[in-house]
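Based on the sequences and whatever the hints tell you, model everything.
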Amino acid sequence: MSYTIPAAIRTEIGKGSSRRLRREGKVPGVIYGTGKEPVSIVFDHKDIINVQTNDDFYSSVLTIVLDGKEVPVRAQAMQRHVYKPVIEHVDFVYA
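Residue numbers (full-length UniProt numbering): 1 to 95.
Simulated from the structure, these hints should not be mistaken for lab results.
Be careful, since some hints might not be right.
What follows is a set of in silico ranges between Cβ atoms, one per label pair, in the way DEER data are often shown [unchecked claim]:
#1 Gly-35 / Tyr-83: 31 to 41 Å
#2 Asn-54 / Gln-79: 24 to 34 Å
#3 Gly-16 / Asp-55: 30 to 40 Å
#4 Arg-23 / Ser-59: 30 to 40 Å
Note that beta-carbon positions come from the ideal geometry of N, C-alpha and C, so glycine has one too.
As structure tokens, this is what we get:
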């Protein structure tokens, strides 16, 4: 199954800006891979919370729409809140 997640490039990085994004209902993330520059991204929590419940999310190639450009990626790591159903950060690798 194919998943498409809209995202935007993050201009501010760091702990403070990540906390502000989470308060606004957004999830910070990063896309990285061999031979390519890492890209800090941000997307809406609601766009990923329902998609990540499927097992295919972790094993298939996902498409992130980044400023109108489709980027094929795989989910690498996901940090979740300890007791709330909240995703705090997601790492993707270029597919």
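Enumerated hints in conflict with the structure, sorted upward: 2
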